[in-house]
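Colleague: As a plain string of letters, each chain reads:
There are 2 protein chains.
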Amino acid sequence: MKESGRKLGALSPCAACKLLRRRCAQDCVFAPYFPADEPQKFASVHKVFGASNVNKMLQELPEHQRSDAVSSMVYEANARVRDPVYGCVGAISSLQKQIDSLQTQLALAQAEVVHMRVRQFTSSSNPGAMDMAVDQVTMGESLWSC
Amino acid sequence: MKESGRKLGALSPCAACKLLRRRCAQDCVFAPYFPADEPQKFASVHKVFGASNVNKMLQELPEHQRSDAVSSMVYEANARVRDPVYGCVGAISSLQKQIDSLQTQLALAQAEVVHMRVRQFTSSSNPGAMDMAVDQVTMGESLWSC
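Chains as they are written, first to last, in full-length UniProt numbering: chain A, 1 to 146; chain B, 1 to 146.
Bound conformation, chain A alone (with noise of 0.2 Å):
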């Protein structure tokens, strides 16, 4: 991926060492991930993180999850640039609502399975309906938990 890079941008800097205005080397870490064709993915995390703060997270990492970090870097520097108070946290905390609100659903869901099969049993006058009725329940909860 390295190799690819540096051939696309051989003649010209990447995004990142045309942003810095500096010589972008053979081995420039940022040069795989930041094509001169995509400036403001740099643009992003270089307002966000800052450039040597980034040159540093990559250096941390092993070379097959540098991509999968720029990935998360640009999405989480974008989210700021949209939001510069939450950030993804926003995101997250919006996500979190969804999830409380599903829970209620699927709660309120499973309530109604348990009440029309306790109708249905006692309306057949079984006896032990209620527990034959719940036992039901609990097994299409592990059911759909799966």
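None of these hints come from the bench; they were simulated from the model. Do not take every clue at face value.
If several chains are the same, the list does not tell them apart, and a pair holds so long as it fits within one copy or across any two.
[To be verified] Pairs of lysine to aspartate or glutamate residues, derived as EDC-like cross-links and limited to a Cα-Cα distance of at most 20 Å, are as follows:
no.	residue 1	residue 2
1	LYS97	ASP68
2	LYS56	ASP83
3	LYS97	ASP83
4	LYS41	ASP68
5	LYS18	ASP37
6	LYS56	ASP27
7	LYS56	ASP68
8	LYS41	GLU63
9	LYS47	ASP37
Chain A is fixed; fit chain B onto it per the hints.
Modeller: Chain B alone, transformed into the frame defined by chain A:
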């Protein structure tokens, strides 16, 4: 809040100025949010975002939003220190998987409700039973999604 921050730090520099080995001025932008007795908070944001970027991001915000911005930056920085590859984007990905799983469970539970209603109505040989059962579940869905 700024005032109380300065009072607490009047005799000693705030955690940021202590780490940066600089004089903690009366109007230090870090002091209200990085008290001397919580050095780890600043150490994390310094490592991930850099002191200069944190300073700039705080200066660009009105004072009443700075405390939330610091909290979200500390959260993000701690996540990146724990997981240098994915940072808090790892949490976002895991929450999204949880949402997918809950949506599947909810769809199954709602399908079970439809199935039971249809069976209940058809067993009582009610004409138009299927439509009524589906209508009731549609009403239930809009109730659950409130």
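Colleague: If a hint holds in the structure, say so; if it doesn't, say that too.
Modeller: Hint check:
When the C-alpha separation of LYS97 and ASP68 is checked against a cutoff of 20 Å, the pair qualifies only between copies, where the shortest distance is 18 Å, while the shortest distance within a copy is 27 Å. Within a single copy, LYS56 and ASP83 get their C-alpha atoms only as close as 25 Å, which misses the 20 Å cut-off; across copies the closest is 15 Å, which meets it. Within a single copy, LYS97 and ASP83 get their C-alpha atoms as close as 18 Å, which meets the 20 Å cut-off; across copies the closest is 24 Å, which misses it. In the homo-oligomer, the alpha carbons of LYS41 and ASP68 lie at most 20 Å apart inside one protomer (14 Å), although the nearest pairing across protomers, at 26 Å, exceeds that limit.
Within a single copy, LYS18 and ASP37 get their C-alpha atoms as close as 11 Å, which meets the 20 Å cut-off; across copies the closest is 41 Å, which misses it. In this assembly of identical chains, LYS56 and ASP27 lie within 20 Å of each other by CA distance solely inside one copy; the values are 15 Å within and 31 Å between copies. For the homomeric pair LYS56 and ASP68, the shortest alpha-carbon distance inside one copy (15 Å) is at most 20 Å, but the shortest distance between copies (27 Å) is not. Taking the shortest alpha-carbon separations for LYS41 and GLU63, only the intra-copy value of 19 Å comes in at or below 20 Å, while the best inter-copy value is 29 Å.
For the identical chains of this complex, LYS47 and ASP37 are intra-copy neighbours only, at 18 Å inside a copy versus 29 Å across copies, given an alpha-carbon limit of 20 Å.
When held up to the earlier numbered hints, the structure conflicts with none and fits them all.
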